[in-house]
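Undergrad: Each chain, letter by letter, is given below.
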Amino acid sequence: MAENFGILFQWLIFLGMAFVSIVASLLVITRKNPIHSALFMVLTLLCVAVLYILLYSPFIAIIQVVVYAGAIVMLIVFIIMLLDLEVELRSKMKVVYSKIVGVFLALLFLFGLLYSVVAKPPTGEIGSLTPDRMANNVKTVGESLFTDYVFPFEISAILLTVAIIGAVILSKKRT
Amino acid sequence: MWVVPTIPPALYLILSGILFMIGVIGAITRRNAIVVFICIELMLNAVNLSFITFSRFLQSIDGVIFAFFVMAVAAAEAAVGLAIFVMLYRSRETVNVDEVNLLKW
Numbered sequence: 001m002a003e004n005f006g007i008l009f010q011w012l013i014f015l016g017m018a019f020v021s022i023v024a025s026l027l028v029i030t031r032k033n034p035i036h037s038a039l040f041m042v043l044t045l046l047c048v049a050v051l052y053i054l055l056y057s058p059f060i061a062i063i064q065v066v067v068y069a070g071a072i073v074m075l076i077v078f079i080i081m082l083l084d085l086e087v088e089l090r091s092k093m094k095v096v097y098s099k100i101v102g103v104f105l106a107l108l109f110l111f112g113l114l115y116s117v118v119a120k121p122p123t124g125e126i127g128s129l130t131p132d133r134m135a136n137n138v139k140t141v142g143e144s145l146f147t148d149y150v151f152p153f154e155i156s157a158i159l160l161t162v163a164i165i166g167a168v169i170l171s172k173k174r175t
Numbered sequence: 001m002w003v004v005p006t007i008p009p010a011l012y013l014i015l016s017g018i019l020f021m022i023g024v025i026g027a028i029t030r031r032n033a034i035v036v037f038i039c040i041e042l043m044l045n046a047v048n049l050s051f052i053t054f055s056r057f058l059q060s061i062d063g064v065i066f067a068f069f070v071m072a073v074a075a076a077e078a079a080v081g082l083a084i085f086v087m088l089y090r091s092r093e094t095v096n097v098d099e100v101n102l103l104k105w
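Those protein sequence lines, which keep their order, are chains U and V.
Per the numbering used here, residue 1 is the first one in the first sequence, and the count goes up by one each step.
Per the numbering used here, residue 1 is the first one in the second sequence, and the count goes up by one each step.
These are calculated hints, taken from the structure and not from any lab test.
Here the structure is a predicted model, which means the values were calculated and not measured.
Wrong hints could be hidden among the right ones.
Away from chain U, derived, C-beta distances all over 12 Å, residues of chain V [as the list claims (entries may be wrong)]:
1) 102
2) 103
3) 104
Derived lysine to aspartate or glutamate pairs resembling EDC-like cross-links, with alpha carbons at most 16 Å apart [claimed, not checked]:
4) U:32 x U:84
5) U:99 x V:62
6) U:139 x V:98
Computed, partial: chain V to chain U, Cβ under 10 Å [as the list claims (entries may be wrong)]:
7) 38
8) 49
9) 60
10) 80
11) 82
12) 100
From the three backbone atoms N, C-alpha and C, an ideal C-beta is built for every residue, glycine too.
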């Protein structure tokens with residue numbers, strides 16, 4: 001009986017977070033003011049972080065809040081405030097056709113995705129990482145990152161360094 | 001006794017697909033370059049959700065590692081992309097993607 005209550009609680013959290021994240025992401029793409037879009041983006045990211053905890057990945061949930069909601073969206077809000085953007089202008093007639101075609105193609109893409117998800121359950125070899133071991137997965141992630149994936153890890157370090165240098169050079173005032 | 005079934009992985013994947021599609025629609029229909037950028041981040045986030053779902057239900061750590069690398073690439077992309085927007089605004093006084101056609105021929 002106690003397990004039933006636990007699973008019921010998981011369902012409640014999942015449905016609530018799914019609903020809030022879909023509504024917030026719809027608000028992201030419909031608001032005229034870009035700063036409202038950025039703030040609803042934070043709400044979507046926090047809901048997805050709660051879903052990560054539900055999937056037994058607390059490490060990625062914390063990284064999501066710190067890196068995405070904390071760093072990237074903060075950078076976007078900062079740039080919006082620096083640029084002093086005007087409210088988006090009403091689009092012209094020829095843009096409307098492209099919008100209709102784009103939305104239609106995106107819906108077709110969604111139906112393809114849904115069919116491929118529902119038609120067959122995910123196949124693949126079941127690994128050895130049970131939810132009990134997954135729950136304290138910071139240690140597991142660290143071990144895997146510094147043994148099996150140490151080369152991609154170094155590559156991503158170089159990528160971040162190059163990105164920092166590129167950002168500094170691009171935003172430097174031309175002399 | 002009546003037993004509540006656990007959440008199936010298909011529901012997480014469907015949610016990930018819906019979020020990805022909302023990001024695609026936003027990136028296609030919006031004309032403000034910064035909002036297009038936010039929509040691209042939304043799409044990366046949806047892909048991360050499906051990575052973590054597969055990692056949980058196939059009981060493997062690889063999905064978590066890949067989500068970690070996707071976040072590192074997203075951070076690098078944010079730094080360079082926003083620097084490009086600042087430079088663009090300095091030279092053209094706008095970030096509307098319809099008016100920026102320097103590379104079009």
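Undergrad: Work down the list of hints and note, for each, if the structure agrees.
TA: Hint check:
1. 102: At about 15 Å from chain U, residue 102 (chain V) clears the 12 Å cut-off, so the statement holds.
2. 103: Consistent with the label, residue 103 (chain V) stays out of reach of chain U, its closest Cβ about 16 Å off (over 12 Å).
3. 104: Since the minimum Cβ distance to chain U is about 15 Å, residue 104 (chain V) lies beyond 12 Å and the statement holds.
4. U:32 x U:84: With a Cα-Cα distance of about 14 Å, the restraint between residue 32 (chain U) and residue 84 (chain U) holds, given a limit of 16 Å.
5. U:99 x V:62: This hinted pair is violated, its Cα atoms lying about 37 Å apart.
6. U:139 x V:98: 48 Å, violated
7. 38: Hint holds; residue 38 (chain V) Cβ to chain U Cβ min 5 Å, cut 10 Å.
8. 49: 6 Å, holds
9. 60: 4 Å, holds
10. 80: 5 Å, holds
11. 82: 5 Å, holds
12. 100: It is violated, given that the least Cβ distance between residue 100 (chain V) and chain U is near 14 Å, above 10 Å.
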